[in-house]
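Peer 1: Residue numbers (this note's numbering), protein chains in the order written: chain Y, 374 to 571; chain H, 374 to 571.
What you were told as hints is all true, and nothing was included just to trick you.
Since the list gives no way to pick out one identical chain from another, each pair is judged satisfied if it fits inside one copy or across any two copies.
Quick list of in silico lysine-lysine cross-link-like pairs, DSBU-like style, CA-CA up to 30 Å:
no.	residue 1	residue 2
1	499	407
2	408	499
3	474	407
4	474	499
Derived from the structure by calculation, the hints contain no laboratory data. Note that the structure is a prediction, hence the values are computed from the model and not measured.
2 protein chains.
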Amino acid sequence: MDGQEAIEELIAQMARLPGLGPRSARRAVLHLVKKRDARLVPLARLLTEVGQSVRPCLNCGNIATADICGICAAGDRANGQICVVEDVADLWAMERAQVFKGRYHVLGGTLSPLDDVGPDDLAIPKLRDRISAEAVTEVILALNATVDGQTTAHYVARELEATGVQVFGLARGMPVGGELDYMDDGTLRAALSQRQPI
Amino acid sequence: MDGQEAIEELIAQMARLPGLGPRSARRAVLHLVKKRDARLVPLARLLTEVGQSVRPCLNCGNIATADICGICAAGDRANGQICVVEDVADLWAMERAQVFKGRYHVLGGTLSPLDDVGPDDLAIPKLRDRISAEAVTEVILALNATVDGQTTAHYVARELEATGVQVFGLARGMPVGGELDYMDDGTLRAALSQRQPI
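Only chain Y is shown next, with the shape it has when bound in the complex (with noise of 0.2 Å):
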């Protein structure tokens, strides 16, 4: 492959990112190829290197660059409380919140009979197994606000109900800085039913 080949080949991958068309995806190529020594050269030591270590947690399904991610691996992570969320990108969004100072279990996607993922797609015999062998008294299920999700949820807390453990969903309710005029009625229900005292 001849050089313009490889920026043609670059250009053409870069546009299947999330978020990048073909013409983002130029602009993204020319402007990496303009700043070589500063943008360019990083982000490829950085792809190589990434792409030597990553790999799946064996433990809970996050992205790790050891068989057993840092979360894991920390010891004062085990305080009995498992979050379990859909998605990698979903146990990231909590990571930044800094407001859950338990381990983490990626289910790996949701119940979709649509899309063909039935309970054997996910990872919930590794969470029944893990629930016992970290001695898990809480469960969280942090799981989308959507159909698939609150159907999945219930799937899950049910294939729990035997191990004994404690399972919690996410509280619903206004958003920080919603406006009431404009949220769905679903969420003004929820709100209203699980009103809390001041």
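Given chain Y, work out where chain H should sit, using these hints.
Peer 2: Okay, now just chain H, sitting in the frame of chain Y:
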């Protein structure tokens, strides 16, 4: 740098690409990491390859993988025409349209007193050299139809007067698919004054 830091640093570098922000960079990196063999590894390889070979064409300023780019090196494109563009992205746009069979000259910007870009910052002397060296008979100033672009076009045209070469600008008028009702006054004025027999 351990693996987790490399992932964080990779997200930071991706977020600095035009068209991507922190959020879309995270999504893109997660996508790459999940599809390591199909996406991440080829992208890393291509970036490394391009990073090693890419450089500006010494003749026209196009991005090349040799001292002279493919267009300048192609004998059949020495037809006496040079198309002057502001940026490599514009050269790519012309090439995609496959409407120009001559060579290009990348100015590297437009005159812009506010941004402190003067004539010395543009590749105008080199353009003058090429006109005699390559027996150029026609220069087409394919600059943006903006104030900066047109100021630059007039400046370049005046600079080339002594060479005796014919200097053209791109036609102004209705773009293909344009609707009269949505055209601005300047476009309508140009389209009317440069009207063509049918």
